[in-house]
Structures are given as structure tokens and as C-alpha cells.
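Visitor: Whole structure, please, built from the sequences with the hints as guidance.
Protein chains: 2
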Amino acid sequence: MKKSYLKNYAKLIVRQGINIQKGQNVVIVADLDQPEFISYLVEECYKCHARSVEVKWNYQPLTKLHYRYKSIEALTEVPKYVLEREEYYVKTNPAMIYILSADPDGLQGINHKKLAEVNQKLYPIMKPYRDARENKYQWCIAGVPSYGWAKKVFPHLTKKKAYESLWEAILKTSRALNDNPMKAWEEHNRNLKQKMDYLNSLQLVSLHYQNSLGTDFTVGLLDGVKWEAGSEIALGTNIVYNPNIPSEECFTSPNKNEMNGVVYSSKPLSYQNQLIEDFYLVFKDGKVVEVHAKKNEELLKQMISMDEGASRLGEVALVPFDSPINQSGILFYNTLYDENASCHLALGVGFTNLVDNYENYKLEELYDKGINNSMIHVDFMIGTKDLSIVGKTKNGKEITIFKDGNWAF
Amino acid sequence: MKKSYLKNYAKLIVRQGINIQKGQNVVIVADLDQPEFISYLVEECYKCHARSVEVKWNYQPLTKLHYRYKSIEALTEVPKYVLEREEYYVKTNPAMIYILSADPDGLQGINHKKLAEVNQKLYPIMKPYRDARENKYQWCIAGVPSYGWAKKVFPHLTKKKAYESLWEAILKTSRALNDNPMKAWEEHNRNLKQKMDYLNSLQLVSLHYQNSLGTDFTVGLLDGVKWEAGSEIALGTNIVYNPNIPSEECFTSPNKNEMNGVVYSSKPLSYQNQLIEDFYLVFKDGKVVEVHAKKNEELLKQMISMDEGASRLGEVALVPFDSPINQSGILFYNTLYDENASCHLALGVGFTNLVDNYENYKLEELYDKGINNSMIHVDFMIGTKDLSIVGKTKNGKEITIFKDGNWAF
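Residue numbers (our numbering), protein chains in the order written: chain A, 1 to 409; chain B, 1 to 409.
The set of hints was computed from the structure by calculation and includes no laboratory data. Check before you lean on any hint, since a few could be wrong.
To spell it out: a stretch of chain A is covered by chain B in this simulated footprint if at least three of its residues, at any positions, have a beta carbon under 8 Å from a beta carbon of chain B; those stretches are [to be verified]:
| id | region |
| --- | --- |
| 1 | 33 to 42 |
| 2 | 57 to 63 |
| 3 | 67 to 80 |
| 4 | 84 to 96 |
Some chain A residues flagged as far from chain B (calculated, every beta-carbon gap over 10 Å) [as the list claims (entries may be wrong)]:
| id | residue |
| --- | --- |
| 5 | Ser-52 |
| 6 | Val-118 |
| 7 | Asn-200 |
| 8 | Leu-222 |
| 9 | Glu-232 |
| 10 | Leu-275 |
| 11 | Pro-324 |
| 12 | Glu-365 |
Glycine is no exception: its CB is placed at the ideal position from the N, C-alpha and C atoms.
Guide: Okay, here's the thing in C-alpha cells:
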């Protein structure tokens with residue numbers, strides 16, 4: 001891929017994504033696949049006068065080895081310095097960039113019971129630090145190709161061709177191949193906000209999903225909880241940032257106690273870098289009561305058992321079937337892209353910052369209002385060509401939101 | 001390079017290098033050049049029942065960016081968690097593996113005054129933790145190729161060929177291309193120990209170096225300070241480990257107050273990944289009083305000004321001109337290899353564990369005996385085909401140690 005495009009993409013992530021401010025610290029979390037691109041990000045941060053940029057490197061094969069050989073005791077040891085480091089992040093509030101490139105199926109074969117046990121033990125220890133930063137910092141998730149991921153997306157191409165094709169697909173869906181990606185994103189944000197404003201104006205109390213896969217599902221929405229789209233604002237600041245590049249969705253957090261019916265997945269789900277495929281979930285009174293999957297059913301069951309909130313929804317998101325990402329015809333096997341090609345739901349924690357005047361409440365109070373809480377947040381795709389969504393408004397009116405997979409208005 | 005050779009090399013580093021023991025932690029410090037090889041090391045550590053293996057990744061281009069853009073204030077900030085982490089290492093005493101692969105000239109252009117200032121500020125803060133672990137843990141330095149380094153060593157080969165050639169050179173000089181590298185190292189250690197024992201039996205009080213480059217230099221040796229070679233033993237344990245792979249040297253720490261004369265470099269020196277070339281140093285009463293270099297003289301001057309001990313020697317090492325590494329005819333531009341192809345000296349801190357019964361003294365007492373102390377330890381090569389070294393013994397006898405660049409006995 002041409003260097004100039006990559007530098008534009010880095011610029012987009014730093015300026016439109018986290019919108020870094022003079023004197024701020026940045027933490028970049030990345031795999032080892034694209035060190036040169038990461039150096040573009042780092043330099044761009046510094047050019048915007050970041051004070052300090054730290055890169056935390058991950059490497060999937062080492063994750064596999066650690067989970068294979070380390071004891072639960074060693075995997076869940078949290079030395080004092082780790083907590084001190086979290087404390088430091090709470091104090092210095094760095095912006096976060098997450099660069100995804102891992103093979104979506106690369107942790108296949110890992111002991112997922114062990115992984116779950118470790119996550120369950122670590123979660124309560126790390127939660128106070130996560131909560132202390134909740135909503136307060138700019139963050140952005142974006143992707144770059146690895147050879148492993150590229151071959152999964154383009155199995156019939158050579159390694160090199162697949163890799164180049166994935167770069168192109170990523171940059172295109174991220175609007176980074178435009179002459180002026182920054183301007184393209186400003187316009188894109190305006191369009192998304194129009195849809196969002198319309199949804200907010202409807203004062204919906206529920207959505208009813210139906211399609212030919214078998215989905216027949218109703219979800220309750222909360223009074224005083226907004227729809228959101230595109231850019232957001234960090235709590236206590238006026239810094240506008242884009243948490244996802246790309247982003248095509250309008251989303252909200254539903255009432256964690258009001259989900260009923262059956263919902264079918266329409267794309268594979270990469271959870272902890274293992275693929276779960278062809279699954280459906282049955283909900284009753286907000287909780288999953290039945291799951292089936294043709295591939296990795298055990299892992300799916302594990303996932304929804306992580307904690308009480310893992311079997312409830314934290315997010316409902318609307319994306320038209322004719323979204324540019326879906327039109328590309330590419331199945332990315334990566335939620336960042338596939339969720340923006342399809343209507344989706346997320347099991348697990350919801351978005352407390354969607355509650356009106358959320359800044360005046362404690363986190364626990366926001367969860368008490370009906371926003372779900374959990375250690376997980378896992379999106380899965382349910383949009384199809386024939387999906388219909390009918391909304392019910394506060395005053396009992398039925399409004400068609402989606403028809404034949406697309407916006408009905 | 002064939003996977004089986006690489007796995008053998010990893011095995012050699014883990015079993016013969018750090019000689020990891022069941023239940024120990026390991027920290028591996030590596031650049032991003034050879035993630036797959038690093039995963040072999042990690043797996044080998046776990047197979048030897050290491051408790052936990054942590055990899056700290058470095059990336060030269062980021063180092064360059066940090067030093068270019070960050071303020072001295074930000075570069076020298078030491079958050080509490082960093083000290084807590086050092087404390088954790090003091091407590092858990094992990095074995096350390098350092099894998100070198102950086103371009104020996106890759107930091108050319110960096111602001112070395114800024115780098116020096118940062119190191120000078122950080123050194124006293126980190127020193128107590130370094131001192132607390134001194135001599136107590138197993139460590140091993142070894143190398144793997146990067147494309148940048150390979151092209152420096154083999155400028156006339158294609159990138160790929162250069163890279164393969166450097167792998168071969170590294171494995172060959174490390175005795176890792178043998179059928180049984182472990183056995184080859186046991187034999188090699190025996191041979192080195194024979195030379196070491198002979199040197200120790202001589203009770204030398206000084207060495208006089210001469211060659212046609214212009215070297216005419218005398219260094220005083222300390223009573224009660226041994227020569228060492230090959231494997232060592234971690235303080236307070238009976239764990240035998242090999243700190244350098246490869247290693248061809250017999251070395252000792254000289255009297256920091258007794259160095260006089262002029263000494264010429266015989267190979268380039270990569271200091272902080274910048275090359276210093278064609279230099280000489282003039283010593284008087286243990287201290288450098290004059291330096292000249294055809295390339296990077298300023299950096300050399302900076303180096304010997306880092307602290308009081310930076311202009312005194314901490315190491316004197318003997319390597320025959322016909323050593324296998326020198327016979328390969330390859331100039332590695334990397335001290336780990338080049339120092340084992342040539343007699344060398346090191347400016348900076350000496351080896352306190354060479355003092356008889358060092359375990360009975362405090363570190364400061366060992367330095368008071370005449371072992372040099374400094375924040376740096378930089379080896380530089382002085383061996384030539386015509387180098388002669390004449391030793392003087394305790395009872396005044398002169399003994400030829402080196403003749404025509406090689407052992408005289």
C-alpha cells in the first residue's frame with residue numbers, strides 16, 4: 001500500500017479518531033504485524049504535540065503459549081506495580097488507540113475455560129480502575145492487516161495479494177482513500193447525526209425484529225437514554241473524538257430486562273480470536289435462556305456465562321444492509337468491520353454515557369436505570385437483506401424503522 | 001534458516017544460556033525483528049517449567065521518535081509504577097534474556113546530548129534496583145538477524161541473502177549448527193576454563209600491550225581479582241549459566257587507577273546504535289586524557305563523560321586473533337560478536353563478582369578495592385594480527401601472554 005495513504009490513515013486516526021490535544025499522553029495497543037504503520041501513528045501524535053506516546057505490543061502466539069503453560073495462579077497474579085500503573089493511567093488519563101490485526105481464528109485450540117477463569121478472576125481487580133476512567137478519555141479502534149487475517153478474508157488469493165486487498169478494503173471502508181479523509185469524515189459524521197436525531201425524535205419504547213432466518217425478537221428501550229452515532233465527547237471536556245474507524249451505526253443501550261424472542265446471527269463472530277458460527281439465541285425477560293451454534297457452541301455458552309450481565313444485551317445498533325461495508329461484499333471476520341456492515345446487538349456492558357445528564361450520576365446509578373453491566377461487551381451481527389424492524393413509540397404508534405434490510409425513512 | 005536449527009538455538013540459550021530452573025520467572029528483552037524465534041524461546045522456557053515469561057519489545061524507530069519529540073521532562077519521568085516494577089523484579093529475581101538484532105547504525109542522527117542527559121538523570125533513580133540484583137540472577141545475551149543489521153554486515157548481498165548469511169554466521173559462531181550444541185558448549189567451557197586457570201595461576205600484576213597500529217599501553221591488575229571465562233554462577237545459588245552466546249574471551253577487571261599509554265581501536269564500535277570508527281584513547285593514571293575518532297568523535301567524547309567511571313576501564317579481555325569468529329572474516333558491527341573476535345577493553349563498570357569471596361562484601365566495598373564503577377559498560381576492540389601482550393607477575397617475572405595476536409602458551 002502506498003505510503004501516502006498509510007500516513008493519511010494514521011493522521012485520520014490521530015486527529016479525527018482520538019483527536020489528540022497538546023500535552024496529552026497516548027497509549028497505543030497493537031499487535032506486531034505493522035510496526036512501521038505504528039511508527040506513523042506515534043509520529044503523528046507527536047506532531048500534534050502529544051507529551052508521551054507509549055506502545056504496548058501484543059503477539060498472538062505468545063498469548064497462546066501463556067495460556068497453554070502458565071498456571072492459573074501465575075496467570076492471575078497482579079503485582080502491585082500493575083495496579084500502580086492503572087492508578088497512573090487514571091491520574092494522567094491518556095488517550096487510547098487500539099489497532100486490530102490479529103488472525104480472527106488465531107486462538108483456536110486455546111483452553112477457553114482457563115481463559116474464562118482467568119478473566120473472571122482479573123475483572124474485579126481491574127474494575128475500579130476501568131470505572132474511574134469510564135467515559136473520560138478519547139479512544140479509537142481501527143484495523144490494519146496481518147497475513148493471517150488477510151488469508152482468512154481472501155482465502156483464494158496469494159498471501160501477498162490477500163494482504164494488499166485487505167489494506168485496500170480497510171482504507172476504503174475507513175474513508176481513508178479519499179483525497180481528504182478528514183473532510184470525508186466530517187460529512188459522514190453529519191449524515192450519521194441526522195439519522196440519530198431522527199431516531200431520538202421518535203421516542204421509541206421498543207423494537208421488533210423479523211426476518212426469514214427465523215429472527216422474531218423484541219427489545220425494550222429506556223426512557224431518557226439516547227441514540228448515538230459517529231463522534232462522541234469525552235466527559236468533562238469538549239473534545240470530540242471518533243471511537244470507531246469505520247463507523248456506520250446508530251446505536252443505543254436497551255433495557256436490560258426487556259428482551260424476548262429468538263435472534264439469528266447473520267455473520268460469524270470472532271470472540272477472543274476464535275470463530276463462533278451459525279448461531280441463534282433465545283431471550284426471555286432480558287436474559288438468554290437458550291443458545292445453539294454450529295461451530296464453537298461451547299465457547300458461546302462460556303461467553304454468556306462470564307457473569308450475570310453476559311447473557312443480557314448492552315447495545316442495539318442499526319446499520320443498513322446497503323451500507324458501504326456490506327456492499328463491498330467482504331466478510332472481514334472482525335467485529336469492527338462486520339458490525340458496521342450489519343444491524344447488530346451486543347451482549348454485555350452497555351453505554352452509560354447515553355443516559356441524559358449522565359455526568360450527574362454515579363456509574364452504579366446508571367446501571368440501576370436499566371443499562372446492562374458486565375465484564376464483556378461482544379457485538380454480533382443479525383442484519384439481513386429482508387430484515388424488518390418496527391418501532392413502537394411512547395404514545396403507542398408503530399413506525400417502520402427498517403424495511404428489506406434498510407432504513408425505511 | 002531451517003526451523004530445527006532455530007529451535008536448537010533457542011534451546012541452547014534457555015538451557016545453556018540462562019539455565020532456567022523450575023518455577024523461575026523469565027524476562028526476555030527483544031526487538032520486533034524475530035517474533036517467531038522469540039516464541040521458540042518462550043516455549044522452551046515453559047518446557048523447562050518456567051513459571052512466567054514476559055517479553056519486553058523494543059523498536060528502534062520508536063526510540064528515535066521519542067528522543068526527537070519528547071521533552072527531557074517527559075523522557076525522565078519515572079512514575080511510581082516503574083519503581084514498583086523494579087521492586088517486583090528485585091523480589092522475584094527473574095532470569096534475563098537479551099536478544100540483540102538492532103541495526104548497529106540505526107540511531108544515527110539521534111540527539112546524543114539529549115540521550116546522554118536522559119541517561120544521566122535516570123541512572124541514579126534506577127541504580128538501587130540494579131545494585132540489589134547485582135550478580136544474583138542468570139542472564140544471557142544472544143543475537144538474531146534483522147534486515148537492517150544484515151545489510152550492514154553484508155552490504156553487497158541482496159537483502160534476503162544478507163539476512164540468511166547473518167543467520168548462518170550467528171548460529172555458526174554460537175556453536176548452534178553442531179549436531180549437539182549443548183555438548184559443544186560443555187566442551188567449549190572446559191577449554192576456556194583451562195586458559196582461565198592458567199592465567200589465574202600466573203598471579204599477574206600488569207599487562208603491556210603493543211602493536212603496529214600504535215598501541216603501547218600498560219594496565220595494572222588487582223591482587224585477589226580472578227580471571228573469568230565462559231560460564232558463571234549466580235550469587236547465592238549453584239546455578240551455572242552462560243552470560244554470552246557466543247563467548248571466546250578470558251577477562252578480568254583491572255585496577256581502575258592503573259592504566260597508562262595509548263590504545264588504538266581495531267574494529268568499529270556500535271554505541272547506542274551509532275558507529276564510532278577509527279579511534280584511539282590516551283590514558284594517564286587510569287583515566288582517559290585524550291580521544292580521537294575519524295567518525296563520531298563527539299559521541300565518543302560524550303560517552304567517556306557520562307560519569308567519573310566512564311573514562312576508566314572496567315574490563316580487560318583476551319581473545320586470540322585466530323578465534324573462530326575472527327577467522328570467519330565477518331565484521332559484525334555488534335559488540336557481542338566483534339568482542340569475541342578480538343582482544344578488547346571496556347570503559348565503565350567492572351565485574352564485582354571477580355573479587356575473591358565477593359559474596360562477603362557490600363558492593364561499595366568491592367568498588368573501593370579498585371573495581372571501576374560507572375553507569376556505562378562499553379567494550380571496544382583492540383586485537384590485531386601483530387598484537388603482543390607481556391604480563392608481569394607478582395614476583396617481577398615477565399611472561400609473554402600474546403604473541404602475533406594469539407596465545408603465546
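Visitor: Each hint: holds or not?
Guide: Status of each hint after checking the structure:
1. 33 to 42: Our answer is that it holds, as 5 residues pass the Cβ test (under 8 Å) against chain B, meeting three.
2. 57 to 63: Check passed, 4 qualifying residues.
3. 67 to 80: holds (count 8)
4. 84 to 96: Contact hint for the region 84 to 96 of chain A vs chain B: holds, 4 residues under 8 Å.
5. Ser-52: At about 5 Å from chain B, Ser-52 (chain A) fails to clear the 10 Å cut-off, so the statement is violated.
6. Val-118: Val-118 (chain A) clear of chain B: closest Cβ-Cβ about 13 Å, beyond 10 Å.
7. Asn-200: Per Cβ check, Asn-200 (chain A) is outside 10 Å of chain B; nearest 42 Å; holds.
8. Leu-222: holds, 39 Å
9. Glu-232: Since the minimum Cβ distance to chain B is about 28 Å, Glu-232 (chain A) lies beyond 10 Å and the statement holds.
10. Leu-275: holds, 22 Å
11. Pro-324: Fine: 33 Å to the nearest Cβ keeps Pro-324 (chain A) off the interface.
12. Glu-365: Consistent with the label, Glu-365 (chain A) stays out of reach of chain B, its closest Cβ about 31 Å off (over 10 Å).
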